[in-house]
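Using the sequences and the hints given, assemble the complete structure.
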Amino acid sequence: MAEPLTIFTALPAPFLRDNVDTDQIIPSREMKSTGKTGLADGLFAGHRYTKIGGRDPDPDFVLNKPAYSGSQVLLSGRNFGCGSSREHAVWALAEYGIRAIIAESFAPIFAGNAVRNGVLPLALDRAAIDEIAAANSPVTIDLPAQTVMLDDDHRWDFTIAEEARAMLTEGLDAIDLTLKNTDSIAAWQQADRQARPWIYLGDPT
Amino acid sequence: MSAATSLFDKLWDSHAVADLPGGAQLIAIDRVFLHERTGPAALNALAEAGRTVADPARVFAVADHIVDTRPGRGDQTLMPGGQIFITELRAAAEAAGITLFDVTDPDQGIVHVISPELGIVLPGCTLIAPDSHTCTQGAFGALAWGIGSSEAEHAMATGTLRLDKPKSMRVTFDGALPPGVTPKDMILALIAVHGAAGGKGHAVEFAGEAVRALSMEGRMTLCNMVTEFSAMSGFIAPDEKTYAWLEDRRYAPTGKQWDTALTHWQALASDPGAHFDAEIRIDAAMIAPMVSWGTSPEASVTIDGQVPDDAEPRPLSYMALKPGQPLKGLAIDAAFIGSCTNSRLSDLRRASAMLKGKHIAEGITAICVPGSSHVKRAAEAEGIDRLFTDAGFEWRESGCSMCFYSGGESFGEGARVISSTNRNFESRQGPNVKTHIASPETVVASALAGAIADPREAQ
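The listed protein sequences derive, respectively, from chains R and B. Residues 1 to 205, numbered by the working numbering, are exactly what the first sequence covers, in order. Residues 206 to 664, numbered by the working numbering, are exactly what the second sequence covers, in order.
Read the hints as simulated data drawn from the structure, not as lab findings. Please note: incorrect hints may appear among the correct ones.
On the chain R side, residues computed to face chain B include the following (Cβ under 8 Å) [stated by the list, open to error]:
# : residue
1 : LYS36
2 : GLY46
3 : ARG116
4 : ALA166
5 : SER184
6 : GLN189
With beta-carbon atoms standing in for the labels, derived distance ranges [as the list claims (entries may be wrong)]:
#  : chain 1 : residue 1 : chain 2 : residue 2 : range
7  : R       : PRO66     : B       : ASP224    : 44 to 54 Å
8  : B       : HIS480    : R       : GLY171    : 35 to 45 Å
9  : B       : ALA209    : R       : SER69     : 55 to 65 Å
10 : B       : ASP514    : R       : PRO66     : 32 to 42 Å
11 : B       : GLN281    : R       : ASP151    : 57 to 67 Å
12 : B       : GLY510    : R       : THR50     : 29 to 39 Å
13 : R       : GLU170    : B       : ALA252    : 21 to 31 Å
14 : B       : ALA262    : R       : GLY171    : 56 to 66 Å
15 : R       : GLU162    : B       : ALA483    : 22 to 32 Å
16 : B       : GLY510    : R       : GLU170    : 15 to 25 Å
17 : B       : GLN281    : R       : PRO66     : 41 to 51 Å
18 : B       : GLN471    : R       : ASN64     : 50 to 60 Å
19 : B       : ALA536    : R       : PHE8      : 44 to 54 Å
20 : B       : PRO477    : R       : ASN64     : 34 to 44 Å
Fair warning: this is a prediction, and the values are worked out from it, not measured in the lab. The C-beta atom is built at its ideal place from N, Cα and C for all residues, glycine as well.
Below, the structure is given as structure tokens:
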């Protein structure tokens, strides 16, 4: 399970675009393993390298600039993580070292995938994002308090569902949590088998 | 809660197993579908954690994403290193005891095409797959949505997912579609007006006269692209068309159970006066054929429209277009008909009818990839394959194919492609390929003309 995430300070790397899709985060051709690792090298491959399939860094891409190399926070625009549901996008970001993405909004599947892998999808409005980008200085993200801070005069609240916050701050394994509800799941299914027997394909009819 | 309940509330509440701390709920999952691109990661991780699939009879898998679509295919695929995804899915599916529709299975095809064909999706069920276009299957009055691999593991291990309930939205298409306008144009029009994030945080019910008038296949096309609207899912209340489509499908209930199921399904419509958190109304009569100009589905205009004057510089430069430039008449290099959006039998029937006695423009690469092996066989039985090949199209085995580029086959560096697929992202269909998404009719009209063309003018 992912390393717990609480309070940390990092310089955000600005990638200020709308609709950064998961094909951009990790192109299909870079999903070379059937596992969850070995993907960081393909992160943003289409932007990061000069040629498709190549490994020569494109100096114009933000993470290739010395100040942002290995950055733990990414700053972006509206609808981050749209497109394919591939969790490889989050695995690649996490393996690279990204712990939080500050964006105007997130595609729902991506946001769910992020939380499950210890990456915080943090939504702020465009004005705040522009201010953070312009400051070009480290931000402190306090997840338990749900704030982002540049300094005392520049502090923004954000909200994240309590369940997601608990998973991130405690590094919880969701399956273990749910297995505590085994009895209610069994009871629900028993009743549902009476109401909708056609759902239970393995049952004798 | 008021007595009037929406379809979404009925779907959600009937699957609520338990309330969790913080407002989330444990939601029962009736069906899980995996594919070879992301399925092995979920199955392998589950096995490595020492967990098992709780109810393997309700979990299915198919090889569709990276399988070769050229004739005579086997496990070899054009994607470098791709074969391992197929062989690992096979091994993991067997170990987990789940049903696999393998590469050469007569029921193989794109997950969202074969699940309805086999009656795996049913009205009132919850169905998930680690594929964002799972929402396609909401056309059957199911709550179907795309997830990540970890959530697939969770659902297989526990039969549930932990979820915060999204808000509800109703998108009503009033009136009737004009001739030559298709469900693909309806969804592109919605996204073009309300944005690629327009449905964020919502589950969307499609309603209205124009939606009711659609065939099941048309409804699937409409629901297919709600993920491009950033909605959790999209769905349509089941009706006689839905039941007629599903009856006698392999995994659908039979006999007395069918009758009981039918009674259950008939209660699934939104009650009059049901509350929606957001409402959008669109006059279907005002919709025209759509085509995308940019690198997000929201960057779409009517076929006789032009690139917006205030277009962002990045997509303009990527697509090699100028503000104010008309889309119609823009020369293309290739045409593609396929994908979970528009590769069903009715899509191929309409497209091929436009090709009869004609030939595509010189120098155009045109490929048709049926959505399933069943669609392919049915199309061949009707002679549809010949209409495509006689007109100069390639005719393929079923699969996701060049809806995306997986490192092997593409239309060539920088090619301009008109495509019946759902995504026009940068390099989605190959290195620097410029994808214009549109209906199959618009794809065919453009292939014939060698340039983006209005299907209403192609007879």
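Hints, verified against the model:
1. The beta carbon of R:LYS36 comes within 6 Å of a beta carbon in chain B, closer than 8 Å, and the hint placing it at the interface holds.
2. Nearest Cβ of chain B to the Cβ of R:GLY46: about 6 Å, under the 8 Å cut. The hint holds.
3. For R:ARG116, the interface hint holds, since its Cβ comes within 8 Å of a Cβ in chain B; the closest pair sits about 4 Å apart.
4. Given hint, R:ALA166 at the interface with chain B, holds; its Cβ is 7 Å from that chain's nearest Cβ, closer than 8 Å.
5. This hint holds: R:SER184 has a C-beta 5 Å from the nearest C-beta of chain B, less than the 8 Å allowed.
6. Contact between R:GLN189 and chain B, as hinted, is supported at the beta carbon level, the nearest pair being about 7 Å apart and thus within 8 Å.
7. Range check, R:PRO66 to B:ASP224: about 49 Å between beta-carbon atoms, so the 44 to 54 Å window is met.
8. The beta-carbon spacing between B:HIS480 and R:GLY171, approximately 38 Å, falls within the hinted interval of 35 to 45 Å.
9. A C-beta distance of roughly 56 Å is found between B:ALA209 and R:SER69, which places it inside the suggested range of 55 to 65 Å.
10. About 38 Å separates the C-beta atoms of B:ASP514 and R:PRO66, a value consistent with the hinted range of 32 to 42 Å.
11. Taking the beta carbon of each, B:GLN281 and R:ASP151 are about 58 Å apart, inside 57 to 67 Å as hinted.
12. As the Cβ distance of B:GLY510 to R:THR50 is approximately 35 Å, the hint placing it in 29 to 39 Å holds.
13. Checked against the hint of 21 to 31 Å, the pair R:GLU170 and B:ALA252 passes, with Cβ atoms roughly 25 Å apart.
14. B:ALA262 and R:GLY171 have their C-beta atoms about 33 Å apart, which leaves the hinted 56 to 66 Å range violated.
15. A hinted range of 22 to 32 Å holds for the C-beta pair R:GLU162 and B:ALA483, which are about 24 Å apart.
16. Between B:GLY510 and R:GLU170 the C-beta distance comes to about 51 Å, which lies outside the given range of 15 to 25 Å.
17. Between B:GLN281 and R:PRO66 the beta carbons are some 43 Å apart, a value that agrees with the proposed interval 41 to 51 Å.
18. The beta-carbon spacing between B:GLN471 and R:ASN64, approximately 59 Å, falls within the hinted interval of 50 to 60 Å.
19. The given range of 44 to 54 Å is respected by B:ALA536 and R:PHE8, whose C-beta atoms sit roughly 51 Å from each other.
20. Judged by the Cβ atoms, the range 34 to 44 Å given for B:PRO477 and R:ASN64 is violated: they are separated by roughly 58 Å.
Comparing the model with each numbered hint stated earlier shows that hints 14, 16 and 20 do not hold.
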